[in-house]
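Trainee: Sequence:
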Amino acid sequence: MSALSATVLPANDRPRAREAGLTFGVIPTGRFNAITDVAGVTVGQVTLHDDARGMHTGVTAILPHSGNIFQEKVPAGIFLGNGFGKMTGYPQVAELGNLETPVVLTNTLSVGEALAGVVDWTLSQPGNETVMSVNALVGETNDGRVNDIRARFVKPAHVLEAIRSASAGPVEEGAVGAGSGTVAFGFKAGIGTASRVLPAAAGGWTVGVLVQANFGGILTVKGVEAGLALGGWPREDVLGNPDGSIMMIIATDAPLDARNLKRLATRAFMGMAKTGGIASNGSGDFVIAFSTSESVRVRHDAPRLEREGAALVRNDDMTPLFMAAIEATEEAIINSLFRARDVATCDGKVVRALPLPKILELLDRAGARSPSAFPQE
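For the sequence shown, the working numbering begins at 42 and goes up steadily by one.
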């Protein structure tokens, strides 16, 4: 068997993209190639799958640090690539430039329940006994093609479980958490994540991305128009129903203010475009970026003007961070597809996972896979 004809998968038949020999960009990844490579960031997920009930949904929670987030707010910026979405908390983040709760992702019709769960968790934190206003940030995509979304399976207790179970280290990907019922490019998708660590000369900072992929377009992998090769144009589910949404969450330990975090958030949209996303009319394409740097946190009870003179990354030094966000977003989206599996829909159909052997064959023909991934004769 020649190397270029090899399409055998690694031992795990649904590997991450990098495990299958794909690399994206030039910046090295962190240890876990996940948003949790940013120190202090944790992720918790609750996955709800039940074929008999048509239940394929869940919750994904991202915590910027392990302390009281309301009392130690983090700078944040939000970019709306296309605003067809129901995210809560946006106006206050846009106005004040900070985040005071975990970021929680779920499905469209469960935003209310997720909001209640985030508020319950925040009010229960020691030190928040007198809090009377909470700006909970909840994002969503519509998983109704797979999940019986009208049944509203997600409850506040699931949100509390996701937040309380959040941990560092590897992050589960594919049809899990808020990605349990999502679809991208006509294939089963879900949660995906990736990270980049800048060299010391460029600041040494880490950028991590997590996505909830549920959007349309023509799939492109490493510049290869895989969607076309798989019959994706003019397939009805691409031309006739390209709508969906994607939530992209960026974390970094670089000391950025809200203005440069919003600039960072815009670059994630470029990573999405590299995968073939088209930001269709009915797609909610949102990016939330936050900094975990303690030097730029906004402490609720801090003396006035405490942050005056805080050291921030200069505009002239932002370019490596922009590159990191683009690369990590592209890889996170591809990971969401590679790791997902076939899922039965609530109306008795099946949404198929990306056919990885075919994808890898296309990439091998284009020379887009690392030779180290090819089986030897």
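Mixed in with the good hints, there may be bad ones.
Calculated lysine-lysine pairs in the DSS-like style (CA-CA distance at most 25 Å, straight line) [as the list claims (entries may be wrong)]:
#1 Lys-399 x Lys-263
#2 Lys-303 x Lys-127
#3 Lys-196 x Lys-127
If you're looking for bench data, these hints aren't it; they were derived computationally from the structure.
Trainee: Could you run down the list of hints and mark each one as holding or not?
Mentor: Hints, verified against the model:
no.: 1; hint: Lys-399 x Lys-263; in the structure: holds, 14 Å
no.: 2; hint: Lys-303 x Lys-127; in the structure: holds, 19 Å
no.: 3; hint: Lys-196 x Lys-127; in the structure: holds, 17 Å
Checked against the numbered hints listed earlier, the structure breaks none of them; every hint is satisfied.
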